[in-house]
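In order, the protein sequence lines correspond to chains A and B.
Just so it is clear: in the first sequence, position 41 is 94 by our numbering, and no numbers are missing.
Just so it is clear: in the second sequence, position 113 is 825 by our numbering, and no numbers are missing.
Honestly, the hints are just simulated from the structure, not real lab data.
There could be a bad hint or two in this list.
Claimed, not checked - Once the Cα atoms are required to be at most 20 Å apart in a straight line, the calculated SDA-like pairs of lysine to any residue come out as: (1) Lys57(A) to Glu768(B); (2) Lys59(A) to Ala71(A); (3) Lys714(B) to Arg80(A); (4) Lys774(B) to Gly77(A); (5) Lys90(A) to Glu768(B); (6) Lys90(A) to Lys714(B); (7) Lys59(A) to Ala102(A); (8) Lys714(B) to Ala99(A); (9) Lys774(B) to Leu67(A); (10) Lys774(B) to Lys103(A); (11) Lys714(B) to Gln81(A); (12) Lys55(A) to Ala99(A); (13) Lys774(B) to Met64(A); (14) Lys714(B) to Gly77(A); (15) Lys760(B) to Lys90(A); (16) Lys774(B) to Lys59(A); (17) Lys774(B) to Gln81(A); (18) Lys774(B) to Asn65(A); (19) Lys774(B) to Ala98(A); (20) Lys774(B) to Arg108(A); (21) Lys55(A) to Gln81(A); (22) Lys774(B) to Tyr91(A); (23) Lys90(A) to Gln773(B); (24) Lys55(A) to Arg108(A); (25) Lys55(A) to Ala98(A); (26) Lys714(B) to Gln69(A); (27) Lys103(A) to Leu67(A); (28) Lys57(A) to Lys714(B); (29) Lys760(B) to Ala73(A); (30) Lys103(A) to Lys714(B).
What follows is each chain in one-letter form.
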Amino acid sequence: MKNKIKVYRAMNDLSQEALANEVGVTRQTILAIENGKYDPSLILAARIAKFFKVRIDDIFLLDSIDE
Amino acid sequence: MKRNYFYLCVAAVAFFEVAIFWLSVELADPLPSVIAIVLGILGIYLAKMYIDEVIEDERTQKITEITALRTLQITWIGLFLFALWIIIDALGEGIRRFNRPLGIFGFRLLILLCGIIVLYVLLSLYYNKKFGA
C-alpha cells in the first residue's frame, strides 16, 4: 500500500515525531509507514486521515498488486 | 515520566534483582528472590503506567506477536528433537538396558511439549471465539 503521509506532513510543516504524538504512535511507526514497510491498521489510518482532515483514500492508495 | 527515566527504573530494578538473588544464594533461601521478582514486575508495570510518551503501539505489538510465535515454534521443534534424541539414546542399547533416568526425562519433556500444544489450542479457541468466529 502506498501513502502520501510525507506529502501531507510537508504541507502541514509537521515532523514525524509531532505526527506520531498526535496520532498516538511512535516516530518509528510513522517512518515505517512512510517507507512502505508497515501497513497501518484501519484505526490508525483513520486517525491519520482525521488529523489531516482528509479521507483515508486521499492518503492511502492500494498498489495494483494488492488490488 | 520520560521514556529514558523508565529505562533507568528498569535498570535499577534489574540491579535490585541481582542483589536479592545474591542474598538468596548467601542465605540458601529462594523466598527473597521470588518476592523480589514479583515486586520487580509490579514496579516496572507501575512505572510503565506513568510514562507520558508512547513506547508501545500497534507496530510494536505486531512485532511482539510475530516474534513470540516464531520463538515458540523454534523452541518447540528444538525441544521435540532434543526429547526424541534423548529417548532414542536411552533406548539405544535395547529395552533391557534402558537408561531409565535419561528415558524418563525424555518422556517428561515430550509430555510437557504436548501440554504446550494443548494450551496453544485452548488459547487459540478462546481468541477465535473472542474475535468473532
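Verification of the hints:
no., hint, in the structure
1, Lys57(A) to Glu768(B), "violated, 24 Å"
2, Lys59(A) to Ala71(A), "holds, 13 Å"
3, Lys714(B) to Arg80(A), "holds, 15 Å"
4, Lys774(B) to Gly77(A), "holds, 16 Å"
5, Lys90(A) to Glu768(B), "holds, 18 Å"
6, Lys90(A) to Lys714(B), "violated, 28 Å"
7, Lys59(A) to Ala102(A), "holds, 13 Å"
8, Lys714(B) to Ala99(A), "violated, 28 Å"
9, Lys774(B) to Leu67(A), "violated, 26 Å"
10, Lys774(B) to Lys103(A), "violated, 23 Å"
11, Lys714(B) to Gln81(A), "holds, 17 Å"
12, Lys55(A) to Ala99(A), "holds, 15 Å"
13, Lys774(B) to Met64(A), "violated, 30 Å"
14, Lys714(B) to Gly77(A), "holds, 15 Å"
15, Lys760(B) to Lys90(A), "violated, 28 Å"
16, Lys774(B) to Lys59(A), "violated, 23 Å"
17, Lys774(B) to Gln81(A), "holds, 13 Å"
18, Lys774(B) to Asn65(A), "violated, 29 Å"
19, Lys774(B) to Ala98(A), "holds, 16 Å"
20, Lys774(B) to Arg108(A), "violated, 25 Å"
21, Lys55(A) to Gln81(A), "holds, 17 Å"
22, Lys774(B) to Tyr91(A), "holds, 10 Å"
23, Lys90(A) to Gln773(B), "holds, 15 Å"
24, Lys55(A) to Arg108(A), "holds, 15 Å"
25, Lys55(A) to Ala98(A), "holds, 12 Å"
26, Lys714(B) to Gln69(A), "holds, 18 Å"
27, Lys103(A) to Leu67(A), "holds, 15 Å"
28, Lys57(A) to Lys714(B), "violated, 31 Å"
29, Lys760(B) to Ala73(A), "holds, 19 Å"
30, Lys103(A) to Lys714(B), "violated, 27 Å"
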